[in-house]
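Number of protein chains: 4
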Amino acid sequence: MAYNLLKGKKGIIFGALDENSIAWKTAMSVHAEGGTFVLTNAPIAMRMGQIKELAEKTGSQIIPADATSVEDLENLVSQAQEILGGKLDFVLHSIGMSVNVRKGRAYTDEKYDFTAKGWDVSALSFHKVMQSLYKSDAMNEWGSIVALTYMAAQRVFPDYNDMADNKAYLESVARSFGYFFGKEKRVRVNTISQSPTPTTAGQGVKGFDSFISYAEKMSPLGNASAQDCADYTITLFSDLTRKVTMQNLFHDGGFSNTGVSQEVIEKF
Amino acid sequence: MAYNLLKGKKGIIFGALDENSIAWKTAMSVHAEGGTFVLTNAPIAMRMGQIKELAEKTGSQIIPADATSVEDLENLVSQAQEILGGKLDFVLHSIGMSVNVRKGRAYTDEKYDFTAKGWDVSALSFHKVMQSLYKSDAMNEWGSIVALTYMAAQRVFPDYNDMADNKAYLESVARSFGYFFGKEKRVRVNTISQSPTPTTAGQGVKGFDSFISYAEKMSPLGNASAQDCADYTITLFSDLTRKVTMQNLFHDGGFSNTGVSQEVIEKF
Amino acid sequence: MAYNLLKGKKGIIFGALDENSIAWKTAMSVHAEGGTFVLTNAPIAMRMGQIKELAEKTGSQIIPADATSVEDLENLVSQAQEILGGKLDFVLHSIGMSVNVRKGRAYTDEKYDFTAKGWDVSALSFHKVMQSLYKSDAMNEWGSIVALTYMAAQRVFPDYNDMADNKAYLESVARSFGYFFGKEKRVRVNTISQSPTPTTAGQGVKGFDSFISYAEKMSPLGNASAQDCADYTITLFSDLTRKVTMQNLFHDGGFSNTGVSQEVIEKF
Amino acid sequence: MAYNLLKGKKGIIFGALDENSIAWKTAMSVHAEGGTFVLTNAPIAMRMGQIKELAEKTGSQIIPADATSVEDLENLVSQAQEILGGKLDFVLHSIGMSVNVRKGRAYTDEKYDFTAKGWDVSALSFHKVMQSLYKSDAMNEWGSIVALTYMAAQRVFPDYNDMADNKAYLESVARSFGYFFGKEKRVRVNTISQSPTPTTAGQGVKGFDSFISYAEKMSPLGNASAQDCADYTITLFSDLTRKVTMQNLFHDGGFSNTGVSQEVIEKF
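The listed protein sequences derive, respectively, from chains C, S, F and D.
For the first sequence, the tail end lands on 268 under our numbering, and the numbers increase by one without skipping.
For the second sequence, the tail end lands on 1268 under our numbering, and the numbers increase by one without skipping.
For the third sequence, the tail end lands on 2268 under our numbering, and the numbers increase by one without skipping.
For the fourth sequence, the tail end lands on 3268 under our numbering, and the numbers increase by one without skipping.
Chain C extracted, bound-state conformation:
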């Protein structure tokens, strides 16, 4: 099922770790739709991941970059354009990590060094990516930038911890930078607020399985999968959505606007 929706489009995809990653599925779909791209991830994540396999499958090159390092990002943006032969049309930011979560610190017992590190990796990195693109004028007109987020930015999911606050910051960055990128460069910026997804990263969160099951029962169409998210991202990279910008787009089978489902209420 490919439509040539991204024929001739060039971009950068952050955050493909392994084949469970949303970024991995998106890379495969972008490739199928005719787009070309550079893959990138943090050096440490690349050691753990199978990103080389993805690069081979999609004919892509890999440029390691720490998304908290302005220097790395500037290098990435510059090299990507050289490799792909021109300015960029799309960028996917799929990066998130909370040190507090990893170290088992409760939200009411944060260690603030951890908090600052998680904020830098998960939220500020999106600003850094866009500022690198903006300052070097690396995006084509009507280009599209997408970051992945989660509804914890709007409502509390207790185990999501300080990632909730990071995602709220990230979504605000999308709006704020979207204003300037729109006005000055005709580039759109949006976030996709995705169902809980059993990626390798997601599975690290406490109680993740029961949460997936709850979300499934609360979503009239069921949870959106990583592949569903890749499909949706394709539409946002395509020329058919040029006037959608500064939006947080729920992609969740209806979870976000379901107050309670029949199946959930029956447990009470």
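Warning: the hint list may mix true and false statements.
Simulated pairs of lysine-lysine, DSSO-like, Cα-Cα distance not exceeding 27 angstroms [said to hold, decoys possible]:
id	chain 1	residue 1	chain 2	residue 2
1	F	Lys2135	S	Lys1206
2	C	Lys206	D	Lys3185
3	D	Lys3135	C	Lys206
4	D	Lys3185	C	Lys111
5	S	Lys1103	S	Lys1206
6	C	Lys135	S	Lys1111
7	D	Lys3007	C	Lys135
8	F	Lys2117	S	Lys1111
9	D	Lys3007	D	Lys3057
10	C	Lys183	S	Lys1217
11	C	Lys117	D	Lys3103
12	S	Lys1111	F	Lys2111
13	C	Lys206	D	Lys3052
14	F	Lys2206	F	Lys2117
15	S	Lys1117	F	Lys2117
16	D	Lys3217	D	Lys3267
17	D	Lys3007	C	Lys117
18	F	Lys2111	C	Lys267
19	C	Lys185	D	Lys3111
20	S	Lys1185	F	Lys2007
21	D	Lys3267	C	Lys111
22	C	Lys111	D	Lys3117
23	S	Lys1185	F	Lys2111
24	F	Lys2185	S	Lys1111
25	F	Lys2267	F	Lys2007
26	C	Lys111	D	Lys3135
27	S	Lys1267	S	Lys1206
28	F	Lys2007	C	Lys267
29	S	Lys1087	S	Lys1103
30	S	Lys1103	F	Lys2135
31	C	Lys185	S	Lys1103
32	D	Lys3135	D	Lys3087
Simulated from the structure, these hints should not be mistaken for laboratory data.
Following the hints, complete the assembly by docking chains S, F and D onto the known chain C.
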């Protein structure tokens, strides 16, 4: 620029009046993407419109229907399936009319017969359409229903009058019916909240030109046109957005999340 | 616990049926805070209710009025000012009824006569009340108008049926009329989106008990009671909230911004 | 105009700089309503401010604290309880500062050391305050914590710069911590999203005067003043709003739900 995104898909398109209509542009785009459909409009609107020209261009048949009449809608749904040779995949609801606006009644001086008529035409009609589809099991799994709306449902635009309240009702119907259509039939229901658009209908609203100009200056990417809206609707009818449901999707060049733009503030 | 917050203020309270009613509790609290008012309800509701007892306790007069009748409302507004000796400072609209719910019609099987009746009673009545007040210039500057609503206007609660759409309309009316009442008369208009409350009316809804229990477990502070709502309404009638207008205010122990609670997730 | 609404209640008020400050007005109003409190500010802000005058007027003590220092906050929380003779009932967080704004860096040209410092002062400080209160069990049941914020967290105001993202983070912290403070301690946490206010801090922002004028014309009731905000905060500290939590409450004369006003559209 066609991708075969809707190849083999069948549907109904409400509300094409003339070539300025969003529904007209959508019909043309759906046709270009390989979809087939029945066109419908109120008998009175059809007399004024050029819908026959559209039918010819797209190889479509026209079935007149008053969208406030359950009988007309049931007939439409039944005939459409017969003509198209099977269940439906997409429906576009693009219907709206306020008698209070037409008659020049202020929001603080409504005539309630007018209010009830406008509500029936603009808002309840969407429920009636969906109930007709639902009860006769006329939608294929993973079908997509879209209605057009406007941001006056969330924020006040003084001249929009009682259409604001009608649109709020319409958006609620999308969510409410979206729940049941999702759970029972795997069908998604969304609304697109479109920029002010200089359609023949839109132009009837008082002060419309200055409003279009204001919105243009408040939208970092400029107002979304009728053709932009058609493009976006195509993505929502396609198989790439299967898990998007019960959403109100702003398609407005960023207006909805812009508090003020530089160009607007400079007037103060 | 009384503070004289409403000393000298005059108003109208709609919808007190019996001592479980939010309007009943509000009347008692307004009285304790020094306000005076006229009580009103539909003639039919008054036959069932114990409103005379409330009138005696609060030294109030009762003026029956069908809130769908402009004539009744104009009479009410006029008489209330006569009885109370001047213009009004506050109005509480606590009216809602769905014929579809009463008759056991599912949301996907609405009878549209029922729908129209419920919309008129539950939603349009709020416009009619305000238009009567506005046209006869019955409100003092810095007066406050409050209507009660429910979060089904934003998210689907399947058994809430067409009341969800009515509440969405009602909330839009609050915004729309709030704009004009603010600009022209310095009067504020807000809605309180209250926890599910075991009033006599609320208890008629199918599955209400399990829903109350679910909401209790989803609300970090527990459900807000009818008395809590009366307390909150007092603050909105007082002079301390003069610049709050056109808002929908969640009063629900935190339910609205809780994605899931620990107690709910443990059931999965 | 005092009602004894806060008789016997104890608290901490952050951020009173001079008599234009919202925190200053709030301190005066809390005092008038019978509450007692400790005043605090950053050592550097205190040198510039007239906080001693406020302390004298309200019979309060001052405890300097850097709100980014956990040690300072723990000391503050402990000393405040000692001075006031018991646990706390209310806390006001009114702290915000962007180094990027001060240094004239555009949003698309942030210096990330500045960004991190501003985030720590403006956003993370609210988490630090609450964590200090929570861990030392310093709040009484049904206590109330309020932070001030601005609508730039939802929509872009170009000159507001990275404070927009900081406020989005702050509001998320209110929700996240509100969940745990609600469940475990029966304490509520809310943010007030205030009109642009000509405080000494606010006036530092570029183009602030024309922005105030624009907001005035967009708000049906006009901008809310610092004193209006103090009044509103009193209601949130009182016992009348016990079930309001995890909310972001717009206090802005209706700006937030006004799409455009007649006066603004007339400029186009």
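Right, here's what the structure says about each hint:
Between the alpha carbons of F:Lys2135 and S:Lys1206 the distance comes to roughly 22 angstroms, so the proposed pair stays at or under 27 angstroms and holds. Taken as a hint, the C:Lys206 and D:Lys3185 pair is honoured in the structure, with Cα atoms around 23 angstroms apart against an allowance of 27 angstroms. A distance of roughly 22 angstroms separates the Cα atoms of D:Lys3135 and C:Lys206; the hinted pair therefore holds under the 27 angstroms criterion. For the hint pairing D:Lys3185 with C:Lys111, the CA-to-CA distance comes to about 21 angstroms; that is within 27 angstroms, so the pair holds.
For the given pair, S:Lys1103 sits about 12 angstroms from S:Lys1206 by alpha-carbon distance, which is consistent with the 27 angstroms threshold. The suggested pairing of C:Lys135 with S:Lys1111 is violated, with an alpha-carbon distance near 56 angstroms, which exceeds 27 angstroms. The suggested pairing of D:Lys3007 with C:Lys135 is violated, with an alpha-carbon distance near 56 angstroms, which exceeds 27 angstroms. Between F:Lys2117 and S:Lys1111, the direct Cα distance comes to roughly 17 angstroms. Compliance with the 27 angstroms bound is thereby established for this hinted pair.
With a C-alpha separation of about 17 angstroms, the suggested pairing of D:Lys3007 with D:Lys3057 holds against the 27 angstroms cut-off. For the hint pairing C:Lys183 with S:Lys1217, the CA-to-CA distance comes to about 10 angstroms; that is within 27 angstroms, so the pair holds. For a cut-off of 27 angstroms, the pair hint linking C:Lys117 to D:Lys3103 stands: about 24 angstroms separates their Cα positions. With a CA separation close to 25 angstroms, the supplied pair S:Lys1111 and F:Lys2111 stays within the 27 angstroms bound.
Restraint check for C:Lys206 and D:Lys3052: the C-alpha separation of about 49 angstroms exceeds 27 angstroms, so the hint is violated. Proximity of F:Lys2206 to F:Lys2117 is assessed by CA-CA distance (about 20 angstroms); at most 27 angstroms being required, the pair is judged to hold. The hinted pair formed by S:Lys1117 and F:Lys2117 meets the criterion: a straight-line CA distance of about 13 angstroms does not exceed 27 angstroms. In summary, the hint linking D:Lys3217 to D:Lys3267 is supported, as the alpha carbons are separated by about 11 angstroms, within the 27 angstroms threshold.
Of the pairs offered as hints, the one joining D:Lys3007 and C:Lys117 is violated, with about 43 angstroms between alpha carbons and a cut-off of 27 angstroms exceeded. The straight-line distance between the Cα atoms of F:Lys2111 and C:Lys267 is roughly 31 angstroms, outside the 27 angstroms bound, and the hint therefore fails. Distance check on the hinted pair: C:Lys185 and D:Lys3111 sit about 21 angstroms apart at the alpha-carbon level, within 27 angstroms; holds. Straight-line distance between C-alpha atoms of S:Lys1185 and F:Lys2007 comes to about 57 angstroms, which puts the hinted pair past the 27 angstroms bound.
For the given pair, D:Lys3267 sits about 51 angstroms from C:Lys111 by alpha-carbon distance, which is inconsistent with the 27 angstroms threshold. For the hint linking C:Lys111 to D:Lys3117, the alpha-carbon distance of about 17 angstroms falls within 27 angstroms, and the restraint holds. Proposed proximity of S:Lys1185 and F:Lys2111 is supported: the alpha carbons are some 21 angstroms apart, at most 27 angstroms. Of the pairs offered as hints, the one joining F:Lys2185 and S:Lys1111 holds, with about 21 angstroms between alpha carbons and a cut-off of 27 angstroms not exceeded.
Distance check on the hinted pair: F:Lys2267 and F:Lys2007 sit about 49 angstroms apart at the alpha-carbon level, beyond 27 angstroms; violated. Our distance criterion of 27 angstroms between C-alpha atoms is met by C:Lys111 and D:Lys3135, whose separation comes to about 13 angstroms. The suggested pairing of S:Lys1267 with S:Lys1206 holds, with an alpha-carbon distance near 22 angstroms, which does not exceed 27 angstroms. Under the criterion of a C-alpha separation no larger than 27 angstroms, the hint pairing F:Lys2007 with C:Lys267 is inconsistent with the structure, at around 47 angstroms.
At most 27 angstroms may separate the alpha-carbon atoms for a hinted pair to count; S:Lys1087 and S:Lys1103 exceed this at roughly 40 angstroms. In summary, the hint linking S:Lys1103 to F:Lys2135 is supported, as the alpha carbons are separated by about 19 angstroms, within the 27 angstroms threshold. Proposed proximity of C:Lys185 and S:Lys1103 is contradicted: the alpha carbons are some 43 angstroms apart, above 27 angstroms. For the given pair, D:Lys3135 sits about 13 angstroms from D:Lys3087 by alpha-carbon distance, which is consistent with the 27 angstroms threshold.
Consistency note: the structure conflicts with the earlier hints numbered 6, 7, 13, 17, 18, 20, 21, 25, 28, 29 and 31.
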